[in-house]
Every structure is written in structure tokens, then in C-alpha cells.
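Quick note: to get my numbering, add 3 to the position in the sequence shown (first position is 1).
No lab work stands behind these hints: they were computed from the structure. Take these hints with a grain of salt, some might be off.
As the list claims (entries may be wrong) - FRET-style restraints, in silico, Cβ to Cβ:
hint: 1; residue 1: 76; residue 2: 209; range: 48 to 58 angstroms
hint: 2; residue 1: 149; residue 2: 63; range: 19 to 29 angstroms
hint: 3; residue 1: 32; residue 2: 212; range: 37 to 47 angstroms
hint: 4; residue 1: 188; residue 2: 68; range: 15 to 25 angstroms
These figures come from a predicted structure and were not determined experimentally. Positions of the beta carbon are idealized from the N, C-alpha and C atoms, including for glycine.
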Amino acid sequence: MTGCGEAGLRRTLAVADLLIDADDERTLLPELLPLLLSALPGDSLVWSGHPAGRPFTVPDGLLGRGALEAFARDKAADPLVARMATGPGTPLLRSDVQSRAEYHALAAYADVYRPLGIEHQLAMAFPAGCTVDGPRRVCLAVNRARGDFGDADRATAELLRPRLVRAMRRLAPAGRERVTRREAAVLDLLARGLTDRQIARRLAISPRTVEKHLEHAYPKLRVHGRVDAATTWLSLSGGGPKGRPGPLADPPERA
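Sequences are here, hints too, so could you generate the full structure?
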């Protein structure tokens, strides 16, 4: 193996090691993205699809508000973006899907890519768990001003992609789809501030059954108690009720 090949392998293994040791996506990304840009050498990198909405970039702040607005306006006509959004997500080069002249004719090139000096791209996409809106898909794009990506870069991306898939699925936040319908009904009432006895009366089950439903739901939501379960359930509901019984709730129990 050449020195260049050995260096590339070391960078790829560094990414893999980081993914194995990661505890959560929020703390992972600041370390992961520079390593990815080292394993797939380029001038900049964009990671889109984070639950927070705004893409993560290297360098930080690469995409200003104007660039994001222009991209949202122009992306429908961009074939590479379309392939990443609806295709299998395997690594693709910009040059795989259009000629240089076709790329330069894009509105997105004039509004976004050219001002950022992006002439060549390698992109891939992969599933990354679920949010309250459904399955989440992350798109990763590495950009260069000079020198197209080659077979070695594509091979590295193909090596990293399944590892990214596994890590993102493992780190994905808990989702509503993981609990049963009955557990969801219990959590809905718990999040409204009802006690176990009130929930039991509302659902025509025993308080012990309520406890069992909650015990089964806790690991699915990755929580360890009632307060955390209620807070997490509200966040997965897009805010939901504010933790107070609604107009149809049972009256507060007396001490």
C-alpha cells in the first residue's frame, strides 16, 4: 500500500472509531465532520437533515441566510440534490449526473455554488432514525473548487456510508412510533398531569396496568422515570399540551 493509501485508511479508521464510541449526535457532529472532511478531502462539507433544521458545515457558517434561502428556492431543479432526496443515497459525484455546462446553467450554481467556489461535489445520503415527522434522511456533501473526486474518494465514501447509517440509527432520538397504542394513550394522559389512578379510570384499566405500560415505555423513550417520560413525550408531540390537565381531565386528587 502506498503512503497516500495508508494515510487515507488511517483517516477512515479514525472516523469509524469515533462512530463506535459516540454517545449522542449533538456531541458527535463537531468531531465527526472535520474527520469526514479529512477522510474525503475537500474545501468544505455540508451535513443536512439534522433535527434542528439548519445544516452543519465545515467551515462553520459556510451557508448564510441568503445562501440557504437561494438553495431552498433552486434545489428542485438540481439533479444531484434530487438523487440524494429520493434515490438510494449511494455516493455520487456531481460529474456523474450532469456535464460541467449543465451544472453552470443551474440557478443554484449562480445563486449558491459559484459564490462559494464549489465546482466539484461528492454526495451521499442515508437513513438516520426518525423524528416526529417520520423517517429522517441525512445528506452529506463534500465540495471542492479544483480537481474532481475520483475512484478512491468514492470507495472511501462507500466504506463510510454503512458505518454512518448504523451510528445514526443507534443515536437517533426515541420516537413515538416505538411505543404501542396503549402505551401512547397512557403517555398522553401522563403528559397532561394525570396520576396513575386518574389514567386508570380514564382508560378503564387498573393502576397496576398503567404502571406496567409506563415501565415498558421508559426504555423505548430512553428515559428512567415519570417526569422524563412526560417531558420527552411532549417534545415528540411537537410541544403538545403544557403539562396541565385539559378540560376533560379528572379533577385533582386530594392528598
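Checked hints:
no., hint, result
1, 76 / 209: 48 to 58 angstroms, "holds, 56 angstroms"
2, 149 / 63: 19 to 29 angstroms, "holds, 22 angstroms"
3, 32 / 212: 37 to 47 angstroms, "holds, 41 angstroms"
4, 188 / 68: 15 to 25 angstroms, "violated, 42 angstroms"
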